[in-house]
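With chain A's structure known, arrange chain B on it following the hints.
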Amino acid sequence: MANMAQAIRMALHYGEENLDVKHIFGEDVGAPLGGVMTKTQGLKTAWNSPLDERGIVGTAMGLAQTGMRSVAEIQFSDYIFNTFDLLKIAGNSCWSSRGQFPMPMVLMAITGGGIHGSIYHSHSIDGWVTRLAGWKIVQPSTPIDAYGLMLSAIEDPNPVMFLPPKSLLRVKGSEKIAGEPEDERELRKLIDKPIKGDATNWQPTWPDIEYTPIPLGEAKLLREGSDAVVISYGRHVLMAKNVADKLSKEGFGEVQVLDLRTLYPYDWAAISQAVRQSGRVLIVTEETEITQFGEHLLRRIVDEHFYSLTVRPRVLAGAHVPGIGLAQSLEKASIPQEIDVEKELKALLSEIA
Amino acid sequence: MDTQREGEHVVQVDRFPVQPFKDKNFSLNFYRQMMRARVLDERLIKMVKSGQGHFWIGGPGEEAFSTSLGMLVDKGEGLEHDYLHLHYRNNSVVMAMGMPMVEFIRQMASKQSDIFSGGRNFSGHCAYRPWNVVPVTSTIETQFSVAPGTAMAQLTNREEGKKSGVTIVVGGDAGSAEADFATAMIWASRPGKELPLLMIVTNNGWGISTAAETQHGEKHVHERAKPFGIKTAMVDGLQADKVWAAISKALEYVRETGKPFMLECMVSRMYGHSSSSGANLVEGEACPIDIFEKKLLKSQWLDAEEIKKIRAELEEECNEAHEKVLTEELPTADSIYEYSFADKNEGGIPGRDF
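Chains A and B, in that order, are what the protein sequence lines are. End of the first sequence = 353 in my numbering, gap-free, step of one. End of the second sequence = 354 in my numbering, gap-free, step of one.
Simulated from the structure, these hints should not be mistaken for laboratory data. Ideal Cβ placement from N, Cα and C applies to all residues, glycine included.
Each computed EDC-like pair below joins lysine to aspartate or glutamate, with the alpha-carbon atoms no more than 20 Å apart:
{"#": "1", "chain 1": "B", "residue 1": "K295", "chain 2": "B", "residue 2": "E285"}
{"#": "2", "chain 1": "B", "residue 1": "K22", "chain 2": "B", "residue 2": "D236"}
{"#": "3", "chain 1": "A", "residue 1": "K343", "chain 2": "A", "residue 2": "E331"}
{"#": "4", "chain 1": "B", "residue 1": "K193", "chain 2": "A", "residue 2": "D28"}
{"#": "5", "chain 1": "A", "residue 1": "K44", "chain 2": "B", "residue 2": "E160"}
{"#": "6", "chain 1": "B", "residue 1": "K308", "chain 2": "B", "residue 2": "E293"}
{"#": "7", "chain 1": "A", "residue 1": "K22", "chain 2": "B", "residue 2": "E194"}
{"#": "8", "chain 1": "B", "residue 1": "K298", "chain 2": "B", "residue 2": "D241"}
{"#": "9", "chain 1": "B", "residue 1": "K309", "chain 2": "B", "residue 2": "E293"}
{"#": "10", "chain 1": "A", "residue 1": "K22", "chain 2": "B", "residue 2": "E160"}
{"#": "11", "chain 1": "B", "residue 1": "K231", "chain 2": "B", "residue 2": "E218"}
{"#": "12", "chain 1": "A", "residue 1": "K22", "chain 2": "B", "residue 2": "E159"}
{"#": "13", "chain 1": "A", "residue 1": "K88", "chain 2": "B", "residue 2": "D343"}
{"#": "14", "chain 1": "B", "residue 1": "K295", "chain 2": "B", "residue 2": "D241"}
{"#": "15", "chain 1": "A", "residue 1": "K193", "chain 2": "A", "residue 2": "D183"}
{"#": "16", "chain 1": "A", "residue 1": "K44", "chain 2": "B", "residue 2": "E159"}
{"#": "17", "chain 1": "B", "residue 1": "K163", "chain 2": "A", "residue 2": "D20"}
{"#": "18", "chain 1": "A", "residue 1": "K346", "chain 2": "A", "residue 2": "D227"}
{"#": "19", "chain 1": "B", "residue 1": "K193", "chain 2": "A", "residue 2": "D52"}
{"#": "20", "chain 1": "B", "residue 1": "K309", "chain 2": "B", "residue 2": "E42"}
{"#": "21", "chain 1": "A", "residue 1": "K220", "chain 2": "A", "residue 2": "E175"}
{"#": "22", "chain 1": "A", "residue 1": "K172", "chain 2": "A", "residue 2": "E182"}
{"#": "23", "chain 1": "B", "residue 1": "K193", "chain 2": "A", "residue 2": "E27"}
{"#": "24", "chain 1": "A", "residue 1": "K88", "chain 2": "B", "residue 2": "E178"}
{"#": "25", "chain 1": "A", "residue 1": "K343", "chain 2": "A", "residue 2": "D245"}
{"#": "26", "chain 1": "A", "residue 1": "K22", "chain 2": "B", "residue 2": "E80"}
{"#": "27", "chain 1": "A", "residue 1": "K241", "chain 2": "A", "residue 2": "E338"}
{"#": "28", "chain 1": "A", "residue 1": "K88", "chain 2": "B", "residue 2": "E338"}
{"#": "29", "chain 1": "B", "residue 1": "K162", "chain 2": "A", "residue 2": "D20"}
Anything over 12 Å on all C-beta distances counts as not near chain A; from chain B, calculated:
{"#": "30", "residue": "G51"}
{"#": "31", "residue": "L281"}
{"#": "32", "residue": "E328"}
These stretches of chain A come out as covered by chain B in the derived footprint (C-beta under 8 Å, 3 or more residues):
{"#": "33", "region": "56–65"}
{"#": "34", "region": "90–98"}
Isolated chain A, as found in the complex (with noise of 0.2 Å):
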């Protein structure tokens, strides 16, 4: 199966080769290194561009100004933050323009912890960028999810940031891709650039894959379960579902495990349906506690869903604290782990109604 970094390349073959994707361009994006998790290796329309994110952000701009489809690239989320202005920008030209300037772009940045990235590559940005208002925000967490979610993104008239996971680009998926060879060993040697060797010549030999996309603001069931509900999306979807398999095999309860994958447009529609089935909620995120995206859910949760929780809801952060520190004791303490998920788990499902 496609590791998350090889599905992301290949919707952005798709995307350059039929959804008319003229600009694939960011820091370190082009030949030779193919971005710095080779997620645009081989690519066509891929190009180096200066060390620069607002002129990055601004020249994606400027091109779905023109009509003119792009997947820009911040190198890691943790560099956003000088672009903030023109992300406002962005999300409102469509509005304070009365419908005249959309802004048909991808913007992707890898986001979140877990891969020992010290201060300034183990950000989590889902509550800044779910407040630009005008933006769809998305995060994967598996690579078929990601293959789909990146064509709905490109297609996407509006402006659309694409936020993988950063510890998931290597893992491999569970699910094959439409069109995507047998052997995982096949896929790497058509469109991995060798490690070994000289590869300055080298060409990708691009599978057949065909157009699967995910619509935007659709979440997907990750586990069947009637105890309680976690939500999630990214990294610590996949931790909540392994903590539930575990608690089910413990003789704990039967925890559902929804990804919303779109964290705006986010599927209320799904979350609400999770919620009044069981009545317990817990919400996990990796960001920082205070005024986070998480928060937002629980309060909207209280707010329309009160009468049907059984107990009191909960959410799951990152501690508030100004970096992710490089020790691995340091970002275990920051970061919720699977042992967090467990404990909180563990308190909802036992608290007495």
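Just chain B now, with coordinates in the frame of chain A:
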């Protein structure tokens, strides 16, 4: 969005004499356009002062520059034509392109009928897709980061052998202190991928209340482009014939070579920064209309009576537009979410959209 309001637009001068300012008809038309811009700004200021608008920022002192640019632009929609990333003092550029006065008055009055923003944005913040006028922002610099994008699309078009216009970005001298100014120079001068980008700095010597000379050590802003290999020029933006020639030459260079150019136009700021600083006439700031008017009087193409007549006609045009706008509606409260997304004419908060 509204379609272009045919019938309301002034006549656009499409073809110009070889030596335009030696041509009487051209010169008188140019004078009238400058005066229209001034009459409009004076009216917009009055509207703010009488509570009919919330904020004024504009371009008295820039009319020679803005009229020239507006008339020289290749106007139209799409990559074949020029893209304009304007500044908030550039109403009169869009007016010289042919936009009627009434549209600017609508924006000042925040009316639903405001063709640029539907009552959502300040006066001076034009956006008009049929002419590639991308939304003006209140930030003084971001247009310099965005302009390389439209120029990049035009480069792509050129590389594919298609007809393509150029991109024009305008900002003030104070805005050149922001990082985006460097962004535009760097992105426009990448070796082998130079962009068809005309960067224009309208230098009025001020950043709100702060004199440029107290903050900028460089002698001239345009000289900052030279290390990038970008050709530059500086022009007296108060002299209609000179600024016309400079813009013509700069545009010609960018169109022919596909490479960037930086033009610094020295202008004045006759009514201060904005309504926040009073919007009163500032002593000592030169007037480009007076300068041009003197030339026309000297050449006897104009006399005092004709000046009065032109002024009266333009005042009447403005009165009619103003009266029309006063009867129009403000945007409705329930329209706040409209156009939040291109594919859904609503949305913006949970419960109202998805």
